[in-house]
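Please model the entire structure based on the sequences and the hints provided.
Okay, here's what each chain looks like letter by letter:
2 protein chains.
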Amino acid sequence: MNDSYLNFVNSPFGARLARSVGLPKPEVLRRYRADQPEFGGLVALGAGREPHLLDALANLVASIGVTSVAHESAGLWVPLANRHGLMTGRFEAADSGSQGKLAALLFDASGIEDSTQLEPLHGFFHDTLRSLGKCGRIIVLGRPPETCTKPRQWTAQRALEGFTRSLGKEARRGITANLVYVEQGAENRAEATLRFFLSPRSAYVSGQVVRIAAGAGADGETAPTFDWRQPLAGRRAVVTGAARGIGASIASVLAAEGAHVIGIDIPTARDALDATMRHLNCTALAFDIAAPEAPAQIAAALDEQGVDIVVHNAGITKDKTIAKMTEAAWQSVIDINLSAQERIDDALLGAGILRDGGRIIGVSSISGIAGNLGQTNYAASKAGVIGRVQSMAPHLRARGITINAVAPGFIETQMTAKIPLTIREAGRRMNSMSQGGQPVDVAQTIAWLAHPGSAGVSGQVVRVCGQSLIGA
Amino acid sequence: MNDSYLNFVNSPFGARLARSVGLPKPEVLRRYRADQPEFGGLVALGAGREPHLLDALANLVASIGVTSVAHESAGLWVPLANRHGLMTGRFEAADSGSQGKLAALLFDASGIEDSTQLEPLHGFFHDTLRSLGKCGRIIVLGRPPETCTKPRQWTAQRALEGFTRSLGKEARRGITANLVYVEQGAENRAEATLRFFLSPRSAYVSGQVVRIAAGAGADGETAPTFDWRQPLAGRRAVVTGAARGIGASIASVLAAEGAHVIGIDIPTARDALDATMRHLNCTALAFDIAAPEAPAQIAAALDEQGVDIVVHNAGITKDKTIAKMTEAAWQSVIDINLSAQERIDDALLGAGILRDGGRIIGVSSISGIAGNLGQTNYAASKAGVIGRVQSMAPHLRARGITINAVAPGFIETQMTAKIPLTIREAGRRMNSMSQGGQPVDVAQTIAWLAHPGSAGVSGQVVRVCGQSLIGA
Chain U
0 MNDSYLNFVN SPFGARLARS VGLPKPEVLR RYRADQPEFG GLVALGAGRE
50 PHLLDALANL VASIGVTSVA HESAGLWVPL ANRHGLMTGR FEAADSGSQG
100 KLAALLFDAS GIEDSTQLEP LHGFFHDTLR SLGKCGRIIV LGRPPETCTK
150 PRQWTAQRAL EGFTRSLGKE ARRGITANLV YVEQGAENRA EATLRFFLSP
200 RSAYVSGQVV RIAAGAGADG ETAPTFDWRQ PLAGRRAVVT GAARGIGASI
250 ASVLAAEGAH VIGIDIPTAR DALDATMRHL NCTALAFDIA APEAPAQIAA
300 ALDEQGVDIV VHNAGITKDK TIAKMTEAAW QSVIDINLSA QERIDDALLG
350 AGILRDGGRI IGVSSISGIA GNLGQTNYAA SKAGVIGRVQ SMAPHLRARG
400 ITINAVAPGF IETQMTAKIP LTIREAGRRM NSMSQGGQPV DVAQTIAWLA
450 HPGSAGVSGQ VVRVCGQSLI GA
Chain S
0 MNDSYLNFVN SPFGARLARS VGLPKPEVLR RYRADQPEFG GLVALGAGRE
50 PHLLDALANL VASIGVTSVA HESAGLWVPL ANRHGLMTGR FEAADSGSQG
100 KLAALLFDAS GIEDSTQLEP LHGFFHDTLR SLGKCGRIIV LGRPPETCTK
150 PRQWTAQRAL EGFTRSLGKE ARRGITANLV YVEQGAENRA EATLRFFLSP
200 RSAYVSGQVV RIAAGAGADG ETAPTFDWRQ PLAGRRAVVT GAARGIGASI
250 ASVLAAEGAH VIGIDIPTAR DALDATMRHL NCTALAFDIA APEAPAQIAA
300 ALDEQGVDIV VHNAGITKDK TIAKMTEAAW QSVIDINLSA QERIDDALLG
350 AGILRDGGRI IGVSSISGIA GNLGQTNYAA SKAGVIGRVQ SMAPHLRARG
400 ITINAVAPGF IETQMTAKIP LTIREAGRRM NSMSQGGQPV DVAQTIAWLA
450 HPGSAGVSGQ VVRVCGQSLI GA
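As given, the protein sequences belong to chains U and S, one line each in that order.
Taking numbering that gives the first Met the number 0, the leading residue of the first sequence gets 0, the next gets one more, and so forth.
Taking numbering that gives the first Met the number 0, the leading residue of the second sequence gets 0, the next gets one more, and so forth.
Hints in this document: simulated from the structure, not taken from any laboratory.
Since the structure is predicted, the reported quantities are computational estimates derived from the model, not experimental observations.
Every residue gets a Cβ at the ideal spot worked out from N, C-alpha and C, and that includes glycine.
Honestly, I wouldn't trust all of these hints.
What the hints assert, rightly or not - Distance ranges between label pairs, derived from CB positions: (1) U:88 <-> S:113: 56 to 64 angstroms; (2) S:145 <-> U:356: 23 to 31 angstroms; (3) U:304 <-> S:424: 57 to 65 angstroms; (4) U:82 <-> S:290: 40 to 48 angstroms; (5) U:322 <-> S:299: 56 to 64 angstroms; (6) S:397 <-> U:64: 47 to 55 angstroms; (7) S:421 <-> U:345: 47 to 55 angstroms; (8) U:113 <-> S:255: 36 to 44 angstroms; (9) S:421 <-> U:325: 38 to 46 angstroms; (10) U:422 <-> S:48: 33 to 41 angstroms; (11) U:424 <-> S:34: 43 to 51 angstroms.
Right, here's the structure in full:
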């Protein structure tokens, strides 16, 4: 649970020692705290030709109350910002005093339609990256390639992915770099996602690609109303495996955002579950989600008031190479990590207990993406979670329900604390943050997906891995 | 170009030393040689419920002339094999003498429609994996998840991906594990792909997922005729960057399969290009593909006879972190690696010089998938190559033209020989083969995609990386 190396190299003596012998120095990541401002500092804007998203960005900048400066590539920004009544200036690359002064770099690449038009991307980050401070934020914005009608436009937009991931790997210093593809017509649905990627809430989310889709209905679709400070107020959330670890952190973050959480865990974890839920003024339900009667039990417990958010966090590992893996070890992992989710969702969706506009969030894993030695059962179950998300999203669209998954990388938990030291150290350092994540990093990512403003995000898998090297 | 550690630990003394001190011992991979039989040995078959692909597998087994044994999960195999006139037996797990006796494991998972039906996958590999010999082959077959109508079927089919990738990571000993999704109606289009993944030609291709799509037209579509021993006979192939390295290997493999190759390289490489092409009895064209007149030059050189296969292999790197990268370094990498391909294909496609039924193959990179430090330009260009493949495939379908890309991982070339030793060693070992690949591994993968029997494979990216850990 404790990365003592990270603490050591960030102590005065440790930092001096690390510097003198050339050891890596992971940054202490800035994380969200309710008692500190979530946004602040200078944000630099850049753009390719004919950017389509500057209006949405101006609304964002106004909404979060930061000051912007325009890079020469974003000549349209200054008059636009003025129209929005925003203070703004120009970014001066020559100003060496600007080093570390910027909190975020935003680049609108949505108008780029050909690979020959990609150069402003280089120009902007070439000029500004050194001015980005510790734990700074990079967001590149584009159009979803698969929505582009011309192959050259699709190609150029797809190129952004390789660019942004490379930038994440070279930025270091706790900086995250993510790519947000905003579909035409979805400009007004991007704010919750852009806020998340600008916020310290996304401290351990880097190298990710997220798509914002336009609404299913006509333009008359009404946006949900919510308060940015308590976006989940009045909403009810079920979290499985909530007694401790990542599940308890999810419950805690959702409750802090205003949700009433119904925490579920197995009867043997009842005491821990009760304590966690009592502390949050929430509801504890102790039973085994893998039991045949579980879907009916959950449905019965939720029936009267319904539920808005379902987080399938409960999961187990039973690692063995396949030649040594028993049938029981295979079956229990598949059943708890995958089939139980299917049964529970069917019960909640079939009876209309999960309300329209609801949110389903599964927990996948880097192992589900890349496979892992000794985890044929676990990786199959976690790849299946990705399949659930992809297959169900179109079916749920008409009801305004989204379904997504998070895929944690190396997270500091009781489970990872049991990994032998050298393997644990390798797992911790093999990512752009050179450290493991915290349960709260997974929880905050889930809270973003659960957000009423995230209606445009569905059918997606977002890694919470500090941009781990490992993948497929 | 030379992995001296691999050679050392496979010498009698080196093997003894490695064993005694616990060093990794990468397997010497068995590669295709024209003077050795391509297929041989025992193949074990397993299946989930109601398998749909056993007929296609029986045709394959008959066509390549191997002997099969049926695992208890594939009870349908024995009568089916008998109908096809094949010798077959039953796999006996208890037979300890079977260790290392099997050449390949094939599992037909196409009928699995629910996560609760995945167990035979465990049962089959649990029983058989230890009997698979060095450089053995694992192929799991399923249905493309996105073609499944029911979410639970989609989910179960998607789970196969996590399973197969895990199996690749634990099998070791030069064994490859790949997943082939065969669309309903594409059963007769799978043979070239299954042959490739069973053959020593795919020595360095593992952990990959390939889809075989059904034909665009009605069932009347005529399959191309070809000889499995010289599948490219009578076909003309353009290869850019063909003077040396991977490009020369591509030219050589395509020529060995019967193609007449038109090798292109820059004028400064003219001597090497001429020598390579003379050796292959092929045609050399020395000019710069990035020059504005290049598309017209290629079109003019090919016009009379047309061309069937275009391999965009030419590429450059100009690595620098973005703050230090010049505009020229950005532009030349994007232009040569990406924009030039677009211009050349437009010229060949627009004028009908690339014939119907043709093949376009781009060279992407793991960097284009995962991003890489100091390679914002290169990774953008190689991600763009993925975009080209995905965007153009649907447009080219009506003409029977496929477009795909290979994404090499660590390949032993003059380029990688210049990487500092410790980084080179890490790059070499961080994959399921614990070694770098050879140029011929990339070339053989391209030859499979260029094959007239690969009509069902389009819009895809196949990594040639020994199942590198690195990904996204």
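Each hint tested on the structure:
1. At roughly 59 angstroms, the beta-carbon separation of residue 88 of chain U and residue 113 of chain S lies within the given 56 to 64 angstroms, and the hint holds.
2. In this structure the hint that residue 145 of chain S and residue 356 of chain U lie 23 to 31 angstroms apart at CB holds, the actual value being about 26 angstroms.
3. For residue 304 of chain U and residue 424 of chain S, the hinted distance range of 57 to 65 angstroms is satisfied, since their beta carbons lie about 60 angstroms from each other.
4. Between residue 82 of chain U and residue 290 of chain S the CB atoms are about 45 angstroms apart, so this pair conforms to the stated range of 40 to 48 angstroms.
5. A hinted range of 56 to 64 angstroms holds for the C-beta pair residue 322 of chain U and residue 299 of chain S, which are about 60 angstroms apart.
6. Here the CB-CB span from residue 397 of chain S to residue 64 of chain U is close to 53 angstroms, well matched to the stated 47 to 55 angstroms.
7. Hint check: residue 421 of chain S to residue 345 of chain U, Cβ distance near 52 angstroms, so the stated range 47 to 55 angstroms holds.
8. Look at residue 113 of chain U against residue 255 of chain S: about 38 angstroms separates their beta carbons, and that is inside 36 to 44 angstroms.
9. Range check, residue 421 of chain S to residue 325 of chain U: Cβ separation about 41 angstroms, and the 38 to 46 angstroms hint holds.
10. A C-beta distance of roughly 37 angstroms is found between residue 422 of chain U and residue 48 of chain S, which places it inside the suggested range of 33 to 41 angstroms.
11. In this structure the hint that residue 424 of chain U and residue 34 of chain S lie 43 to 51 angstroms apart at CB holds, the actual value being about 48 angstroms.
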